[in-house]
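Can you make the complete structure from the sequences, with help from the hints?
Chains as they are written, first to last, in full-length UniProt numbering: chain A, 1 to 333; chain B, 1 to 333; chain C, 1 to 333; chain D, 1 to 333.
Certain hints may be false.
One copy or any two copies: either way a pair holds, since identical chains are not told apart in the list.
Said to hold, decoys possible - Pairs of lysine-lysine, DSS-like flavour, derived with a Cα cap of 30 angstroms:
no., residue 1, residue 2
1, 94, 4
2, 82, 6
3, 197, 82
4, 208, 197
5, 4, 82
6, 288, 197
7, 43, 197
8, 327, 94
9, 43, 288
10, 43, 94
11, 6, 327
12, 81, 43
13, 81, 94
14, 327, 4
15, 4, 81
16, 288, 208
17, 208, 82
18, 43, 6
I should point out that these hints are in silico values taken from the structure, not numbers from a laboratory.
Number of protein chains: 4
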Amino acid sequence: MTDKIKAGIVGGAGYAGGELLRLLLLHPQVSLAYVQSRSQAGKPVSETHPDLLGETDMVFSAEADGDVDVLFLCTGHGEAKKFLASATVPASTKIVDLSQDFRWNEGTETAAVEAEERTFTYGLPELQREQIQQAQHIANPGCFATAIQLGLLPLASAGHLTADVHVSGITGSTGAGQSLSPTSHFSWRTENVSTYKVMSHQHLREIKRSLRHLQPEQEVAIHFVPYRGPFSRGIFITSYLPTQLSLEEAQQLYRRFYELHPFTFVTEHNPDLKQVVNTNKCVVHLQKHGDMLVITSMIDNLLKGAAGQAVQNMNLLFGLDETAGLKLKPAAF
Amino acid sequence: MTDKIKAGIVGGAGYAGGELLRLLLLHPQVSLAYVQSRSQAGKPVSETHPDLLGETDMVFSAEADGDVDVLFLCTGHGEAKKFLASATVPASTKIVDLSQDFRWNEGTETAAVEAEERTFTYGLPELQREQIQQAQHIANPGCFATAIQLGLLPLASAGHLTADVHVSGITGSTGAGQSLSPTSHFSWRTENVSTYKVMSHQHLREIKRSLRHLQPEQEVAIHFVPYRGPFSRGIFITSYLPTQLSLEEAQQLYRRFYELHPFTFVTEHNPDLKQVVNTNKCVVHLQKHGDMLVITSMIDNLLKGAAGQAVQNMNLLFGLDETAGLKLKPAAF
Amino acid sequence: MTDKIKAGIVGGAGYAGGELLRLLLLHPQVSLAYVQSRSQAGKPVSETHPDLLGETDMVFSAEADGDVDVLFLCTGHGEAKKFLASATVPASTKIVDLSQDFRWNEGTETAAVEAEERTFTYGLPELQREQIQQAQHIANPGCFATAIQLGLLPLASAGHLTADVHVSGITGSTGAGQSLSPTSHFSWRTENVSTYKVMSHQHLREIKRSLRHLQPEQEVAIHFVPYRGPFSRGIFITSYLPTQLSLEEAQQLYRRFYELHPFTFVTEHNPDLKQVVNTNKCVVHLQKHGDMLVITSMIDNLLKGAAGQAVQNMNLLFGLDETAGLKLKPAAF
Amino acid sequence: MTDKIKAGIVGGAGYAGGELLRLLLLHPQVSLAYVQSRSQAGKPVSETHPDLLGETDMVFSAEADGDVDVLFLCTGHGEAKKFLASATVPASTKIVDLSQDFRWNEGTETAAVEAEERTFTYGLPELQREQIQQAQHIANPGCFATAIQLGLLPLASAGHLTADVHVSGITGSTGAGQSLSPTSHFSWRTENVSTYKVMSHQHLREIKRSLRHLQPEQEVAIHFVPYRGPFSRGIFITSYLPTQLSLEEAQQLYRRFYELHPFTFVTEHNPDLKQVVNTNKCVVHLQKHGDMLVITSMIDNLLKGAAGQAVQNMNLLFGLDETAGLKLKPAAF
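Below, the structure written as structure tokens:
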């Protein structure tokens, strides 16, 4: 088909890059032009990502060369900025950057981030789908940031974030990337739990900016305890705050807010993480205990928390069905 | 689309039934008419399989009622036979049975099993795709049987199974179904290993029958040690036997045998189980040590070992592309 | 040795009973008189607990018969009360009950619980070792209750619990006992996360009572989110509240409080759960972020959270070294 | 106590060294003089092995200095030889080397290995306890080698190894040491299976030498498929060969052979790996299928497969009770 969107990936050897590859190779409206990786240049893609055996004969390129309609940047934090500063990417190329380099944050005053002669729109469709549809460059949100925001956006949109929010969350090992470290060793991590960046996780900055976007008149503190869990995929978040809303009112607020969003679902049953693993979905659940509203929100960190959301953003950028290439069979087990 | 194949599922609450649901709901040429389950009748499908939240509003039916083009039987062993003996399924309805009730076995003399006034063809496409294409009723192979056979078929087809075969294999917990037992308890199974049915696994019977089909003049013993492993999805098989074939000859034999089969791949790299998890693929790897040929073969037990292969068989029964609805994003992690 | 303490176990087939058996069989000053289990009566103990193969020839008895110095009740909640109401246990027999039947709770006014003509002292040695030493009957604390209290006791003892406390915690599967249920199935629990009894966990009642004991003049709310994690042993707790104390002051307070307690340790390094697995230890870690004091506390739920603490209490009841029989090699991995 | 054995550890930062530390710190007749580690010199032992928090204040030394009664070498393969060639260890110091540097192997003609002016006795107590008791230097067996031999020794001792032996085995991640590699990453290894060194594992060489020791007149081939499993501790072995022995005769042979050995047990129940985890035990189980004798044997690779057996050997070298310091509470879960 001559109408397919030509896509390129920069940094295709890592976890997010690999997941993006898995998605784009199956996307009905995308043709993959190249996959760049400095470390794997010249090697078949299916050697680095052996689950792609039989799916592609592509070889990693050393350079991000060739004309593409959309460029996905899956490089490390700080590297996206460097890449755009040095590479000659045509102004017409749409960009989805998966790093934090161009995400808005606490201090961002404007509606988007200006950098490298480009304007980057924060790419959380449930927050600002229209802006994304009209954007040229997208800063794809962080994984924890996505899961936490999807638990809080409806409240903020209605001005109901009126007290400190207490958040705890558990992430799988793919959230930390594939670099080797003592805490990524199987012997250490299996059957183990630990915390990291307690109260100081970098994703809090983009979360606060988004909440200010919806609820400019009031800022609340967000206290966040992130856990490392002994599993590979997924993020499970529990948030709570006191509210005057009854459970029914809160459920109605959430259902209405997500009604037209195809990936976020409100459930009345106590959920578990594997409902969303290997899907682009977010599942949200509400409880009320006394005056405390407890919100559970869950995503697959590599999909809705990274590569899946990047494809969702691409779909919006090009006017495709928002779910194109993202109807995925859940792993379930 | 009015041309969609109307499918029904009997026994949709279990692991295989659930996986079949996940596949058929996303299959572009299938329309699901009903999902029957005695235990869950009246309950929304997405309550029993919560990963299907947002994917379907179907409710389990108590009976397998309604006219369908194809019926999938996902009931327990022995139950499929009972069902067909008592239910009035039109002769024109195609059937894919996932139980062992109608699989050929060591003692089966004919090319298919006659039972309940029907003829059941053993549904391993890599063994007999043409027969499946012309069949009306399919006995879907067992999970261990599929993985072991895919490791041995090329040798048998060329008359190279000339010595006892030694097989060990490790299966995930979903292979044992969802019934609760001491050995299915998480506290027991996590970080644990055990064997079961050593040298006496029931799948050996269909394996032997298939090998006789390809290599009628010589029967060899198959010694099989099945392990339970601490993971949920997948079967990993290692088989070996002495052979005169060089490694190159063996690789060529295997590559040629699987050349036109879209799901089975021969790799030159030492493989690992997660290459196939959440896919319908089988990955095969060969090594030669002295005169011993060592064959690794791996599948996802719920897909190529059950529901995926059932859909593959349905595709063949109806003349569809063999891979329709089976291009799945690997879980990878 | 003729001076050994004669011990009996009621309810020896469950997780806590099994762990107690493992400890008492190796305890240098204990002789095990009988292990009762209704469900396993007549069966060798090492069949039900196969890790005890070679450690004991004992057979489960149907009745708790025979004279013992100390009786451990490892029956389910509600069963301990019934047992003592119907059995004829001599008044001289010391009792350690591992259920919640005789634990103090929010509403308990006195320093101990009076029931079944006995006085039960709440058995958390770090809270009230002297009272335990003089007691005759012990109500062994709950696992979550132990881990949370050990994170908060020093603050309460100094009157520093002056604001709401926010607590999240993750428990392994053995915390839920060995009964079979959909959420105890390996296929479900592996690589999965969920919450349960959010804001309403029953252990909050004994925690609140203990805190009132130390800090009677002020009561604070405790907001608790309990998670189920994909591992078998251990509880990992994170608690936080605002405080005027500097990190150094808090560390000094905690170190002083636990100085003479042999199982609870304050670490300056970010800890992980496997530091305490298969030990009777509790590890506590403090951080300060802004005015928020964050306290991590971790135990093995079957040891310091159940059977290990029961033995610790027995040691205190009989005037033995508090650590007798509890110097355990950590599993570490 | 002035009579304690003074012990030193060279290479105390790795998995085997850490496990040895855990054991020796609790051994009633051992006083630990120093723990050497080049990489961790100057750091507290409990920082590198955080499970030892509260157990010791020792600091890693840079050199193996000071007079000791027994020296444990936990360095990598090849390093033990180098160490002894360069260090000045008194001739009177007993040595237990955990590497493969001084183990006998296929080609070793004498009853022990002569190297670095010392004679190293192969330290498998179930094979040659008397020789160990009279030895001065011990080559501690490999983990797979221990598990496989304990499954075969009784047969070899009676001249019943008369046909090729087929062996498959699964090892936990600690068997591969703590060095970081793609296959040690949690994201890769969790829920995964793979093979390595199929038919060519280096431990086969010491196994063959031991079997020749017991059964010099006949040599049989051993075909070995080693698997990597998704768990941290333990080795599970299944071996089989045809035999004339009845099941009862085989059981009697095994029971008699291990009767006076305190760590190896024959069970009549189908065993599972966690029976031995965190113990120095080996559990052996026999089945007969047709004329095939199937032998299961299981150990904890860090204990009976490394540090535990090293302590067992030390006990024998010094005339202590063979089980001193090795009565360990099983982890069970």
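To see whether the hints hold, each was checked on the structure:
For the homomeric pair residue 94 and residue 4, the shortest alpha-carbon distance inside one copy (14 angstroms) is at most 30 angstroms, but the shortest distance between copies (37 angstroms) is not. In this homomeric assembly, residue 82 and residue 6 come within 30 angstroms of each other (Cα to Cα) only inside a single copy, at 23 angstroms, whereas the closest approach across copies is 54 angstroms. Proximity of residue 197 and residue 82 under a CA criterion of 30 angstroms is satisfied intra-copy only: 26 angstroms inside one chain copy versus 43 angstroms between copies. For the identical chains of this complex, residue 208 and residue 197 are neighbours both inside a copy (17 angstroms) and across copies (29 angstroms), given an alpha-carbon limit of 30 angstroms.
With identical chains, the CA atoms of residue 4 and residue 82 are at most 30 angstroms apart within one copy only, with a shortest distance of 29 angstroms there and 51 angstroms across copies. In the homo-oligomer, the alpha carbons of residue 288 and residue 197 lie at most 30 angstroms apart both inside one protomer (28 angstroms) and across protomers (12 angstroms), since each shortest distance falls under that limit. In this assembly of identical chains, the alpha carbons of residue 43 and residue 197 lie at most 30 angstroms apart only when taken from different copies (24 angstroms versus 36 angstroms within one copy). In this homomeric assembly, residue 327 and residue 94 come within 30 angstroms of each other (Cα to Cα) both inside a single copy, at 23 angstroms, and across copies, at 28 angstroms.
For the homomeric pair residue 43 and residue 288, the shortest alpha-carbon distance between copies (25 angstroms) is at most 30 angstroms, but the shortest distance inside one copy (53 angstroms) is not. Taking the shortest Cα distances, residue 43 and residue 94 sit within 30 angstroms of each other inside one copy (27 angstroms), while across copies they are farther apart (46 angstroms). Taking the shortest Cα distances, residue 6 and residue 327 sit within 30 angstroms of each other both inside one copy (21 angstroms) and across copies (21 angstroms). Taking the closest pair of Cα atoms, residue 81 and residue 43 come within 30 angstroms of each other only inside a single copy of the chain (26 angstroms); across copies the shortest separation is 39 angstroms, beyond that limit.
Taking the shortest alpha-carbon separations for residue 81 and residue 94, only the intra-copy value of 15 angstroms comes in at or below 30 angstroms, while the best inter-copy value is 58 angstroms. In this assembly of identical chains, the alpha carbons of residue 327 and residue 4 lie at most 30 angstroms apart whether taken from the same copy (18 angstroms) or from different copies (19 angstroms). For the homomeric pair residue 4 and residue 81, the shortest alpha-carbon distance inside one copy (28 angstroms) is at most 30 angstroms, but the shortest distance between copies (49 angstroms) is not. For a Cα distance limit of 30 angstroms, the shortest separation of residue 288 from residue 208 qualifies both inside one copy, at 24 angstroms, and across copies, at 21 angstroms.
Taking the closest pair of Cα atoms, residue 208 and residue 82 come within 30 angstroms of each other only inside a single copy of the chain (26 angstroms); across copies the shortest separation is 54 angstroms, beyond that limit. Within a single copy, residue 43 and residue 6 get their C-alpha atoms as close as 21 angstroms, which meets the 30 angstroms cut-off; across copies the closest is 44 angstroms, which misses it.
In this structure, none of the earlier numbered hints is contradicted; all agree with it.
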